[in-house]
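Read top to bottom, the protein sequences are chains A and B. Heads up: the first sequence begins at 14 in our numbering, then just goes up one per residue. Heads up: the second sequence begins at 14 in our numbering, then just goes up one per residue.
Mixed in with the good hints there might be a few duds.
Repeated chains share a single entry, so a pair holds when one copy, or any two copies, can fit it.
Dumping the calculated EDC-like pairs for lysine to aspartate or glutamate here, alpha-carbon to alpha-carbon at most 16 Å [what the hints assert, rightly or not]:
1) Lys-122 with Glu-69
2) Lys-85 with Asp-103
3) Lys-85 with Glu-198
4) Lys-173 with Asp-84
5) Lys-104 with Asp-199
6) Lys-161 with Asp-199
7) Lys-161 with Glu-76
Because the hints were derived from the structure by calculation, they are not lab data.
Letter by letter, the chains look like this.
2 protein chains.
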Amino acid sequence: MNITTEQLFDHARTHNAFTAEPVPEATLRQLYDLMKWAPTSANSSPARIAFVASPEARAMLLECVSPGNVDKTRSAPVTAIIGMDMAFYDKLPALFPHADARSWFVGKKEFADTTAFRNASLQGGYFILAARALGLDCGPMSGFDAVKVDAAFWAGTQIKTNFICNLGRGDPSKLFPRSPRLSFEDACRII
Amino acid sequence: MNITTEQLFDHARTHNAFTAEPVPEATLRQLYDLMKWAPTSANSSPARIAFVASPEARAMLLECVSPGNVDKTRSAPVTAIIGMDMAFYDKLPALFPHADARSWFVGKKEFADTTAFRNASLQGGYFILAARALGLDCGPMSGFDAVKVDAAFWAGTQIKTNFICNLGRGDPSKLFPRSPRLSFEDACRII
Chain A
14 MNITTEQLFD HARTHNAFTA EPVPEATLRQ LYDLMKWAPT SANSSPARIA
64 FVASPEARAM LLECVSPGNV DKTRSAPVTA IIGMDMAFYD KLPALFPHAD
114 ARSWFVGKKE FADTTAFRNA SLQGGYFILA ARALGLDCGP MSGFDAVKVD
164 AAFWAGTQIK TNFICNLGRG DPSKLFPRSP RLSFEDACRI I
Chain B
14 MNITTEQLFD HARTHNAFTA EPVPEATLRQ LYDLMKWAPT SANSSPARIA
64 FVASPEARAM LLECVSPGNV DKTRSAPVTA IIGMDMAFYD KLPALFPHAD
114 ARSWFVGKKE FADTTAFRNA SLQGGYFILA ARALGLDCGP MSGFDAVKVD
164 AAFWAGTQIK TNFICNLGRG DPSKLFPRSP RLSFEDACRI I
């Protein structure tokens, strides 16, 4: 599918308000079917996603977000909860069949937790850019009560919430002015 | 710039060997100038990148990688060290000028460290897809001695290494068969 770098990077903005236009289930499936291919350590693929779309589930989620995120989340047709499966290694026999990769993580909680967090966050980056590739606007947020979100949406699992992300058609009239970025010299060096 | 989702996601592969074709400095600058626009929490932009290109720096890096990553790293013309600035908040007065965002993090080490790790990893995802958008192949790795890499490349700073990533023109004859991914039903739900 043809897209542009402007659509993914320089022209895309974090949106704070969304139109009522719904996001079809087919688009959410396309989103996952793009992002799933991008790389993770040992193909560990720890990200788990709950797409919160029904009025009941959205009301539950609104109880969990920080005051400054309530109105923007209320306006979105769908909010994705990007979680991380802290027991991701139990899927490695299927995901990395050519070695006993599960044994690298079992009983090594700190290493496993770090791997889950790093790689689910990488997948969060893939998620945002895949959504933009499909014409969706994103509003990623880390202002929420993680204990409440985990209890409401991941009870009975070993999944923990990493961040949440509003999805839909953004309302450009509600954008803030764009903030600056670090220069190449401030953030990078070639050695 | 026109690109395709296949180039970024479904047709792209993690490469284990690279041709001798160099990566021009202009391409590394373009890579950063794409990835810098994608979102981070409070525009915190904690990722810092050392592009290891000179023979001397590459020899130092080879001393730090896991045995299984030596040959693939040796073959790459450039390896990026994606670091995270644990004192990223000192740049927030410039990056997030409309609020005193620095005060949200100063003296809250656990919250600051988590924010640095999550957002530098998100930026790692943007980095990989921006590299692919520019026609580069990537070989991301987390098998290295982080203490040694930090000492060799980030001494005197508050930057810690997150992961490293070979960059260049991949040699498709050295690819492994592609591993499976989780189905939508295994990784996602719509509620």
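These are the hints, each one checked on the structure:
1. In the homo-oligomer, the alpha carbons of Lys-122 and Glu-69 never lie at most 16 Å apart, since the shortest distance is 35 Å inside one protomer and 36 Å across protomers.
2. Taking the shortest alpha-carbon separations for Lys-85 and Asp-103, neither the intra-copy value of 36 Å nor the inter-copy value of 28 Å comes in at or below 16 Å.
3. When the C-alpha separation of Lys-85 and Glu-198 is checked against a cutoff of 16 Å, the pair qualifies neither within a copy, at 35 Å, nor between copies, at 28 Å.
4. For the homomeric pair Lys-173 and Asp-84, neither the shortest alpha-carbon distance inside one copy (24 Å) nor that between copies (36 Å) is at most 16 Å.
5. In this assembly of identical chains, the alpha carbons of Lys-104 and Asp-199 lie at most 16 Å apart only when taken from different copies (10 Å versus 40 Å within one copy).
6. For a Cα distance limit of 16 Å, the shortest separation of Lys-161 from Asp-199 qualifies neither inside one copy, at 38 Å, nor across copies, at 23 Å.
7. Taking the closest pair of Cα atoms, Lys-161 and Glu-76 come within 16 Å of each other only inside a single copy of the chain (8 Å); across copies the shortest separation is 45 Å, beyond that limit.
In this structure, the hints that do not hold are numbers 1, 2, 3, 4, 6, in rising order.
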